[in-house]
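Chain A is already provided as a structure; the job is to place chain B on it using the hints.
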Amino acid sequence: ILNVEQSPQSLHVQEGDSTNFTCSFPSSNFYALHWYRWETAKSPEALFVMTLNGDEKKKGRISATLNTKEGYSYLYIKGSQPEDSATYLCAPRRNNDMRFGAGTRLTVKP
Amino acid sequence: DAMVIQNPRYQVTQFGKPVTLSCSQTLNHNVMYWYQQKSSQAPKLLFHYYDKDFNNEADTPDNFQSRRPNTSFCFLDIRSPGLGDAAMYLCATSRAPPIDQPQHFGDGTRLSIL
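Protein chains in written order, with our numbering: chain A, 268 to 377; chain B, 890 to 1003.
Worth flagging that the hints you see were computed from the coordinates, not collected in a lab.
Please note: incorrect hints may appear among the correct ones.
[To be verified] Reference listing, derived: stretches of chain B covered by chain A, where coverage requires no fewer than 3 residues with Cβ under 8 Å from a Cβ of chain A:
hint : region
1    : 899-912
2    : 966-972
[Claimed, not checked] Beta-carbon label-pair distances, calculated as ranges:
hint : chain 1 : residue 1 : chain 2 : residue 2 : range
3    : B       : L972      : A       : A308      : 29 to 39 Å
4    : B       : D989      : A       : N270      : 16 to 26 Å
5    : B       : P958      : A       : E323      : 13 to 23 Å
6    : A       : E337      : B       : T915      : 39 to 49 Å
For glycine and all other residues, C-beta sits at the position ideal for the given N, C-alpha and C.
The following block holds chain A by itself, in its conformation from the complex:
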């Protein structure tokens, strides 16, 4: 079973704060790690697909790192804005098995 843990479950920050959260997964037989952003009343949107240990990806103010040896990925948001408020889901893939975490719900207060 591919157990995926995301922490924290929820996070409240002030506009302008930088923040980060974690996705943990079993390191064995790792294949890829997906990050998605899911805003309320919208569809989940792909942010990154990461495959290599040490990968770093960036999209605007959002970046992610990957450590496949220890089984974790960090998502960073620099200078959070109210429009960043969403649930951030990670989904590691191991062989043919991809599982979503429960997500980190981020609220950015103006």
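Showing chain B alone in chain A's frame:
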């Protein structure tokens, strides 16, 4: 814009009354997925199609069936909905092979059971 469309956005059905949720895509992707998501939980994969090949998850109840008549459409049939089946149902697509390819999601159908 090319997209994944789910209809309806909200569906209400009665306990035990069959219901069908639909998904269509204009992306021409080979793979289509159905997920169930209950409040604050992780989206749970029910099954997926790789072209016409159906792949059921081991723990998906028999009450849940799917059909994919062509590349563009995929349906989720719930034969006898119970109260525990109330959830958000998400359809997603990806290019083949699915590994390393991001999934493209519809807006979801929120199913309520009376």
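Each hint, compared with the structure:
{"no.": "1", "hint": "899-912", "verdict": "violated (count 0)"}
{"no.": "2", "hint": "966-972", "verdict": "violated (count 0)"}
{"no.": "3", "hint": "B/L972 with A/A308: 29 to 39 Å", "verdict": "violated (24 Å)"}
{"no.": "4", "hint": "B/D989 with A/N270: 16 to 26 Å", "verdict": "holds (22 Å)"}
{"no.": "5", "hint": "B/P958 with A/E323: 13 to 23 Å", "verdict": "violated (42 Å)"}
{"no.": "6", "hint": "A/E337 with B/T915: 39 to 49 Å", "verdict": "holds (40 Å)"}
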